[in-house]
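Engineer: Here's the letter readout for the chains.
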Amino acid sequence: MSTVEATPQAGFAARLLQAGAHQKLLAFMSLIILLIGFSLASPNFMQTSNIIAILQATSVNGVLAIAATLVIITGGIDLSVGTLMTFCAVIAGVVLTYWGLPLPFGVLAAIGAGALCGLTSGTFVAKMKIPPFIATLGMMLMLKGLSLVISGTRPIYFNDTPGFTEISRGSLIGEVIPALPIPNGVLILFLVAIAASYILGRTVLGRYTFALGSNEESVRLSGVNTDAWKMAVYALAGGICGIAGLLIASRLNSAQPALGLGYELEAIAAVVIGGTSLAGGRGTILGTLIGALIMAVLANGLRILSVAQEWQTVVTGAIIILAVYADMMRKRRMG
Amino acid sequence: MGAGRTEVARAIFGADPREAGDISIHGAPVDIRTPADAVAAGIGYLSEDRKHFGLAVGMDVRANVAMASLERFTGRLGALDEAGMRDAARGYIDQLAIRTPSDRQEVRLLSGGNQQKVVIAKWLLRDCDILIFDEPTRGIDVGAKSEIYKLLNGLAAQGRAIIVISSELPEVLRLSHRIAVMCEGRLTGILPGGAETSQEDIMRLATERESAMEPVGGEQ
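Order-wise, the sequence lines are chains E and P.
FYI, this note's numbering numbers position 134 of the first sequence as 134, with every residue one higher than the one before it.
FYI, this note's numbering numbers position 19 of the second sequence as 19, with every residue one higher than the one before it.
Chain E on its own, in the form it takes in the complex (with noise of 0.2 angstroms):
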């Protein structure tokens, strides 16, 4: 724990990656290089139907990156992002089809369990001092299985609930600017990002989640109830997934019990290449917004340019090594 700065020999590179903003400008600058040199390409990259087709591929991981960003500012890590978001399209699927309730109930159903299921697993890191990696293990399997005792292994469908699917594949925008027919997915997660990034740089659970992240028992020792600030940054990432739930049960006009696992990967992984530090304190919900579409744009122009899966799959992972070199090699400069 030295304070000693950043030395005045370090280069270019390395001063590019010394503060959170430069990296975020990194991510930035590596999105534009991939949609010009997709662009140069191939002349279908740049269809306005190929823009919102990866924009909609963005939707779902995006809202889960937004969700894993706050609790990793905590310091923690949330694992279970992924299998929640198919509890919750399936809780959602219980009330609407099952049920034959209107859909607010089954929102509100989504997102309350989302957030129900955030906060016990917040209260097994606050309370319980469980290690936040493997308590959101352990969620993430429980959530896994509860998805598929509750469906019975089946998908649950949506088609008795009218408007169901709108929710991500219908056009408000659109609508209103038939020039710009936006799916109302990629609307809902440019409203849960600038909701998120409210939260995050306004409201006391936001300067709380960074302190946490910054410096949890000095922030203990100033009088504030950690643990419960915790429990409310858990809960409210579980709300998220809860709409991250929603957003797949429409695309896919069904809830797949099956689904969910490696999502929360891919929402990781979009954290750190939007430069948000595992180490807990710094992040932002742009550059995680940033990282989200990286890795849509990737996987959407290496499919253009019949790039096999196998090989998109290993790109991804070679990207995100890098992304988490270059967060390392501005911690050690920040000393």
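If you are wondering where the hints come from, they were derived from the structure by calculation, not from laboratory data.
For glycine and all other residues, C-beta sits at the position ideal for the given N, C-alpha and C.
Hints should not be assumed to be uniformly reliable.
Claimed, not checked - Quick list of simulated restraints, FRET-style, between CB atoms:
| id | chain 1 | residue 1 | chain 2 | residue 2 | range |
| --- | --- | --- | --- | --- | --- |
| 1 | P | LEU109 | E | GLU175 | 46 to 54 angstroms |
| 2 | E | ASN225 | P | GLY27 | 23 to 31 angstroms |
| 3 | P | ALA40 | E | ASN50 | 43 to 51 angstroms |
| 4 | P | GLU106 | E | VAL315 | 48 to 56 angstroms |
Stated by the list, open to error - Once the Cα atoms are required to be at most 20 angstroms apart in a straight line, the calculated SDA-like pairs of lysine to any residue come out as:
| id | chain 1 | residue 1 | chain 2 | residue 2 |
| --- | --- | --- | --- | --- |
| 5 | E | LYS129 | P | ALA15 |
| 6 | E | LYS127 | P | ALA36 |
| 7 | E | LYS24 | E | PHE190 |
| 8 | E | LYS127 | P | ASP37 |
| 9 | P | LYS51 | E | PHE190 |
| 10 | E | LYS129 | P | PRO17 |
| 11 | E | LYS129 | P | ASP16 |
| 12 | E | LYS129 | P | ALA36 |
Stated by the list, open to error - To spell it out: a stretch of chain P is covered by chain E in this simulated footprint if at least three of its residues, at any positions, have a beta carbon under 8 angstroms from a beta carbon of chain E; those stretches are:
| id | segment |
| --- | --- |
| 13 | 53–64 |
| 14 | 72–86 |
| 15 | 181–190 |
Chain E is fixed; fit chain P onto it per the hints.
Structural biologist: Coordinates of chain P only, in the frame set by chain E:
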């Protein structure tokens, strides 16, 4: 060192569980189980290890000064009053002569003495009646030291109760009205401050080991 002074302070503050003893303020018993209870009762604790237990060094001066008082700056729907926190932080930067380019400077970039002043500002803003300073001048240069002495005297003159934990006997004698001496986890005596007490008086109590008093016990 090893006398249990920090342990007592942390137990009073609720940072660690209390094994025995009661806490009373102005004669009224208070139930302190967590630091939040202690702060609500008007107690502030300034650890000797500022970086681990006093500050979020990755955050700026403004955020650190406000850390114990956020509810005061919280408006509707949890919105923070940034302007209010800025004014408060700047007020203490002036009042305590904290050397920092601005209230947005990250605390890790400040010197030890200025970091200590940020912690003090945090508790002044919280308006605590009782302040426990654990080795307040450790790792601080001579100039900042005398500033902190002046500040401690000023706070005491305002009627606040100041508890200073220190191993530096001249510091103890210079600052205190009453000196409680501990040895091996026990309170071995309370002495008056100032000219009536000498360093030798303190040392005698500070080395009053139990084994020396009760040679039969032989506990090891």
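Engineer: Please flag the earlier hints that this structure goes against, numbers listed from lowest up.
Structural biologist: Hints 3, 4, 9, 15 not satisfied by this model.
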